[in-house]
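Model the full structure from these sequences, guided by the hints.
Chains as they are written, first to last, in numbering that gives the first Met the number 0: chain C, 0 to 481; chain D, 0 to 250.
If you're looking for bench data, these hints aren't it; they were derived computationally from the structure. It is possible that some hints are incorrect.
What the hints assert, rightly or not - Chain D regions said to be covered by chain C (calculated; three or more residues, Cβ under 8 angstroms):
id	segment
1	43-52
2	67-74
3	78-87
4	98-108
To be verified - Listed next, the in silico SDA-like pairs over lysine to any residue satisfying Cα-Cα at most 20 angstroms (straight line):
id	chain 1	residue 1	chain 2	residue 2
5	C	LYS425	D	GLY51
6	C	LYS425	D	GLY140
7	C	LYS425	D	GLU143
8	C	LYS454	D	GLY91
9	C	LYS352	C	LYS425
10	C	LYS470	D	ASN103
11	D	LYS133	D	ALA121
12	D	LYS225	D	GLU241
13	C	LYS454	D	VAL87
14	C	LYS167	C	TRP49
15	C	LYS346	C	LYS380
16	C	LYS425	D	ARG49
17	C	LYS454	D	GLU143
18	C	LYS470	D	GLY91
19	D	LYS14	D	GLY56
20	C	LYS425	D	GLY91
21	C	LYS42	C	SER83
22	D	LYS150	D	SER138
23	C	LYS454	D	GLN204
24	C	LYS380	C	VAL417
25	C	LYS454	D	PHE145
26	D	LYS128	D	ALA116
27	C	LYS380	C	LYS425
28	C	LYS458	D	PRO90
29	D	LYS164	D	ASN188
30	C	LYS43	C	PRO203
31	C	LYS470	D	ALA116
32	D	LYS181	D	LEU129
33	C	LYS454	D	GLU88
Each residue gets a CB set at the ideal place from its N, CA and C atoms; glycine is no exception.
One-letter residues, chain by chain:
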Amino acid sequence: MSTHAEDVESLVDKEYEHGFVTDIDSDTIEPGLNEEVISFISKKKNEPAWMLDYRLKAYRQWLKMEEPLWAHVDYEPIDYQSISYYSAPKSKDDMPKSLDEVDPKLLETYEKLGIPLHEQKMLAGVAVDAVFDSVSVATTFKSKLADAGVIFCSFSEAVQEHPELVQKYLGSVVPIADNYFSALNAAVFTDGSFCYIPKGVRCPMELSTYFRINASNTGQFERTLIVADEGSHVSYLEGCTAPMRDENQLHAAVVELIALDDAEIKYSTVQNWYPGDENGKGGIYNFVTKRGDCRGRNSKISWTQVETGSAITWKYPSSLLRGDNSVGEFYSVAVTNNYQQADTGTKMIHIGKNTSSTIISKGISARFAQNAYRGLVKISKGADNARNYTQCDSLLMGDKCGAHTFPYIEAKNSSAQVEHEATTSKIGDDQLFYCRQRGVSEEDAVNMIVNGFCKDVFKELPMEFAVEAQKLLGVTLEGAVG
Amino acid sequence: MLSINDLHSQIDDKKILNGLSLEVNKGEVHAIMGPNGSGKSTLANVLAGRDGYDVTGGSVTYEGQDLLEMSPEERAWAGIFLAFQYPVEIPGVNNIYLLKAGVNAIRKSRGETELDAVEFLALVREKIKLVKMKEDFMSRGVNEGFSGGEKKRNEIFQMAVLEPKLAILDETDSGLDIDALKIVADGVNHLRNEERSIVLVTHYQRLLNYIVPDFVHVLANGRIIKSGGSELALQLEEQGYEQVMREAEAA
Ligand SMILES: Nc1ncnc2c1ncn2[C@@H]1O[C@H](COP(=O)(O)OP(=O)(O)OP(=O)(O)O)[C@@H](O)[C@H]1O
Ligand SMILES: [Mg+2]
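Following this line, the structure appears as structure tokens:
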């Protein structure tokens, strides 16, 4: 697992000739995927040659790979040739002019989440100019970050402005050939976030994609790269707490985190992509590869996720605990309702000495939904005194839904201590009745009990996120009981 | 205030209440005693609106309304409180968070303004003294890891905060040590007034030394077979239920 970018570079297939690419000058290309399409994307983004080489290598790799079938999810095969891989950021003319043009159901949800009007407009993609002063907000943030030496920009910008950093770290945690979807992402990603925290710097604020204005147009293949240099500290919030409808079906993102000596990265996600309707029609296939590399001694990477959206979620934020004394954490709440399916979990790969990891997973299923936890704890030979604690709880609402737990443990060092606890419970009629007897309505009682079940995870989220995550849970599970 | 008339109720096909009638007026304290399995908790649950009980006959009127038509929360809003025989644990849900939601839902249903966090905290701090519980019980999960006796005290604490019009206490004295029994009884007595009615289900005359009831009823085989004043409890203590049941059968 030491495919540093330099090695990656040297592996790049140099046979490729740049010359044959034909120019296409429209802003959106026809559906389909081939080398021309990839060259087109790269050209549109004015990328250096190494970036194009990287993409093409990934594409060729992808062609040789097979779509994984082992996740506990079920879906119609995806036709990769029917997707359009590049569409220029929407011009203001195409956007809804006002909230009146936005799906009322979507607005209803925003309402329930208590999102202020100006933010609703942003989330719904309404063309806003002066309504919400996001530009100046963003600018204030930018200058504060710049003072601290933190680089926080779009991935495209990073490729232009900080190529040495991107080249050094891109693909060093999730190599091109890691899996089918990561290879596809490496070939066709259009944008994402880049973040670098210099040595010894404690990032002065929580970084959030929300404050990066172009974030809402990053599209379905995002790429995120976060590097925390020695002794630095950063908390990164991803996603949007309101349901962003996306006309696209497939969402295949890649996130790479690198923590050097004594550095700490906290990565929080609240995912609420469109889950499809009550009958399981539509919705996002969320196939995401997220991996953190605790490359340095005493480093720490902590993943917290609240997954409530998407028709299918396939996602295993993982940590490579390479540095001695490094720490990996994974806190997850995955909620599925109606016909949603989630197969999620983590991998904790213990490589360094005295490494420790904690996994807390809470799965909630309602109606016909399926929810699987899949986790690997691997203790390598040299990982003396590695410790892991895993707790995996499932909550069922109704009797047509399912919860599944697939814990895998591979311990190659006898000094390892690995603990696993798992429970499955049904939301109790007696608990509901108790709450209702105290005057709480059934719906609020369900929310309360579910939130109580998720408490160990929510307390890891930054405050505002935790509040919104709770509300979101309520919206997702609306009408799930009774 | 509460009028139960010839109530019949069953679970699945098992008949549990067989023509139970009971009249409770404002400000009265009624004790209900009876053998295990006679239907005391069933009565309490039917009054509070728990699912799973089929009412096959009779009626229950509460403050002029058909109680059986109301959902459990509507009954709570209307001032009915049940102290459970076996309070359930709700992990991760803060004890006073649930209570605050309850208080505010009840206030809202009456068109009163909701209490904010500060007002509510002042209220619960005041009330928790009544049952001599430590304040850290307020912030623990609902009944989570509470001892049997602590759960019972927590029920009375909740009653004190919710200030019901009709409180049904199902064996709140069971499982309490001697000191706790006194504390709970004092708490109930403190809450006793001309406006509030209390139905006490108990197996022990001892509780009735502390909380002296206006009426004592014997419930057996799903109906009230004998009623009397507080002296009836003493008689039961001496003679056991057998005798009373035989008398009732003979009559
Ligand atoms: N869910 C149920 N399913 C089947 N039978 C039940 C159920 N709940 C109660 N019963 C039965 O109904 C009868 C009355 O039960 P109930 O709990 O009302 O008795 P009780 O008078 O409160 O007894 P105790 O003094 O032991 O608390 C018992 O025979 C009991 O087994
Ligand atoms: Mg009972």
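Which numbered hints turn out to be false for this structure?
Hints 9, 23, 27, 30 are the ones this structure does not satisfy, whereas the remaining hints hold.
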